[in-house]
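Enquirer: Sequence:
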Amino acid sequence: MEHVEVFKALSNKARLQILQWLKDPTKNFPAEGCCENGVCVGQIQLKMGVTQSTASEYLSLLQRTGLLTVTRQGQWTYYKRNEDAIRELGKLILEDL
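97 is the number that the UniProt record's numbering gives to position 97 of the sequence shown; each next residue is one higher, with no gaps.
Incorrect hints may appear among the rest.
As the list claims (entries may be wrong) - Straight-line alpha carbon distances no greater than 20 Å define the calculated PhoX-like cross-link-like pairs of lysine-lysine that follow:
id: 1; residue 1: K8; residue 2: K91
id: 2; residue 1: K47; residue 2: K23
id: 3; residue 1: K80; residue 2: K23
id: 4; residue 1: K47; residue 2: K91
id: 5; residue 1: K13; residue 2: K23
id: 6; residue 1: K80; residue 2: K13
id: 7; residue 1: K91; residue 2: K23
id: 8; residue 1: K13; residue 2: K47
id: 9; residue 1: K27; residue 2: K80
id: 10; residue 1: K8; residue 2: K27
What the hints assert, rightly or not - Distance windows between CB atoms, simulated:
id: 11; residue 1: L97; residue 2: E32; range: 35 to 45 Å
id: 12; residue 1: V70; residue 2: Q20; range: 10 to 20 Å
id: 13; residue 1: E88; residue 2: E36; range: 34 to 44 Å
id: 14; residue 1: E95; residue 2: E32; range: 20 to 30 Å
Hints in this document: simulated from the structure, not taken from any laboratory. Quick reminder that beta carbons are idealized off the backbone N, C-alpha and C, glycines included.
Sequences are here, hints too, so could you generate the full structure?
Expert: Shown next as structure tokens:
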């Protein structure tokens, strides 16, 4: 995990909101957009109220930093939090900063 890139990714309110929503996906997304593999990109886009390209850009950045994992099933793409990476980030903040 590249720490500077992670903090850059977290410096955007919308990207932080995505991580917060994905912490409890069953509460924040309709059942048809949520499954054990994560939340469908279309549901995240709808909740954000942005274009598909903007949502994809935000999600891709969070994935590249390791904070999200992605699963593809046919034409659908699902995202969920990488809890191990988030714990690692918390440990870094507590112990090193």
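Enquirer: With respect to the beta-carbon atoms only, verify the hint that E95 and E32 lie 20 to 30 Å apart.
Expert: violated, 41 Å
Enquirer: Verify the proposed pairing of K47 with K91, using a straight-line Cα cut of 20 Å.
Expert: Not satisfied, since the Cα-Cα distance of roughly 30 Å exceeds 20 Å.
Enquirer: Going straight from one Cα to the other, do K8 and K91 come out at no more than 20 Å?
Expert: The hint holds at about 18 Å.
Enquirer: Okay, V70 versus Q20 on CB: inside 10 to 20 Å?
Expert: holds, 18 Å
Enquirer: I want to verify a distance hint. Is the separation of the beta carbons of E88 and E36 within 34 to 44 Å?
Expert: Violated: the Cβ-Cβ distance is about 23 Å, outside 34 to 44 Å.
Enquirer: Take a look at whether the Cβ-Cβ distance between L97 and E32 falls inside 35 to 45 Å.
Expert: With Cβ atoms ~40 Å apart, the hint holds.
Enquirer: Are K91 and K23 close enough, with their CA atoms no more than 20 Å apart?
Expert: holds, 18 Å
Enquirer: Is the Cα-Cα distance between K8 and K27 20 Å or less?
Expert: violated, 27 Å
Enquirer: Please verify whether K27 and K80 have alpha carbons no more than 20 Å apart.
Expert: At roughly 14 Å apart (the allowed maximum being 20 Å), K80 and K27 satisfy the hint.
Enquirer: Does the alpha-carbon distance linking K80 and K23 stay inside the 20 Å limit?
Expert: holds, 8 Å
Enquirer: CA of K80 to CA of K13, is that 20 Å or under?
Expert: holds, 18 Å
Enquirer: Below or equal to 20 Å on CA atoms is what counts here, so check K13 against K47.
Expert: holds, 14 Å
In this structure, the hints that do not hold are numbers 4, 10, 13 and 14, in rising order.
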